[in-house]
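Trainee: Residue numbers (this note's numbering), protein chains in the order written: chain D, 560 to 676; chain X, 7 to 154.
There could be a bad hint or two in this list.
[Claimed, not checked] Chain X is faced by these chain D residues, among others (derived, beta-carbon under 8 Å):
| hint | residue |
| --- | --- |
| 1 | 661 |
| 2 | 664 |
| 3 | 668 |
Hint data in this document are derived by calculation from the structure and do not stem from the laboratory.
We put the CB at the ideal spot given by N, CA and C, even for glycine.
The chain contents come next:
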Amino acid sequence: MAMTPQRSSNPRGPNRGPHSGPPQRGGYQRNASPNGQRSTNRQQQQRKKRTCRFCDAKDVYIDYKNEKRLQRFVSEQGKIIPRRITGTCARHQRQLVIAIKRARHLALLSFVNDAVS
Amino acid sequence: MAQKQQIYETTFIINASLDDPQIDTIVDKVKDVIVKHHGEIMELVKWGRKRFAYPIRKKNNGFYVVFEFKSTGDLVAKLERHFLLEENIIRFLIIALDKKALQARISGNDLLKQAAPPVPSTSGSPLVAAVPAEDLDVPEVPISPIKI
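Can you make the complete structure from the sequences, with help from the hints?
Mentor: If you want it as structure tokens, here you go:
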């Protein structure tokens, strides 16, 4: 049985370079649990994905005057929360951003809050 | 040449340190500007004194007023000019209501009055009209059990 010559040590295991196939068991794998399943982190992230709140409520128009509702989409620092975290759809995120900016102009929401450290 | 009538909404903030009659005169002046240039006022809601999220001109609260009116486009520039000249009006915002906003108004998702404190407004607000008429008439039912 001829032994294949060992190449230079690769942290991904012997004979595994950038163009090799799927991660092999027993070798170095990123984000792998012992039973070989990849990225339980990603599963957790996918489970958190919700539908857009405004689409569920069938809201057509997001009003800038209702600052209590808008405050849920603004962080502690006063920044607008990205839609990958709130789960809002693109259309409603655009309307939401316009409403938040109008509310900020009318001092119903603040531009910046001092960070609570 | 703007002949098309559109529905606009303006929210403005009056200096809160004024007395109530002075605030009323300012609101009436705005109303006159709208009416003088052939605008039709549909709603007027006074929110009252509200705290700012950040100080404006070194003050922490102001008197909010919301107008909704229908007019041609040329009134907007004149109204803006009036707001800028009036020194007691410290912020203003005039927007044209697009069809989505109007749709929300018609379907009753109107937040115009929901944001307002419980002050009786000129027209019927959705909050007050939330109780349907049939619930108010309690039918006089005899207490005796119904025999079938």
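Trainee: State for each hint whether it applies.
Mentor: Hint check:
1. Interface hint status for residue 661 (chain D): upheld, as the beta-carbon distance to the closest one in chain X is roughly 6 Å, under 8 Å.
2. With a cut of 8 Å, the hint placing residue 664 (chain D) at the interface with chain X holds, because the nearest CB-to-CB distance is about 6 Å.
3. Interface hint status for residue 668 (chain D): upheld, as the beta-carbon distance to the closest one in chain X is roughly 5 Å, under 8 Å.
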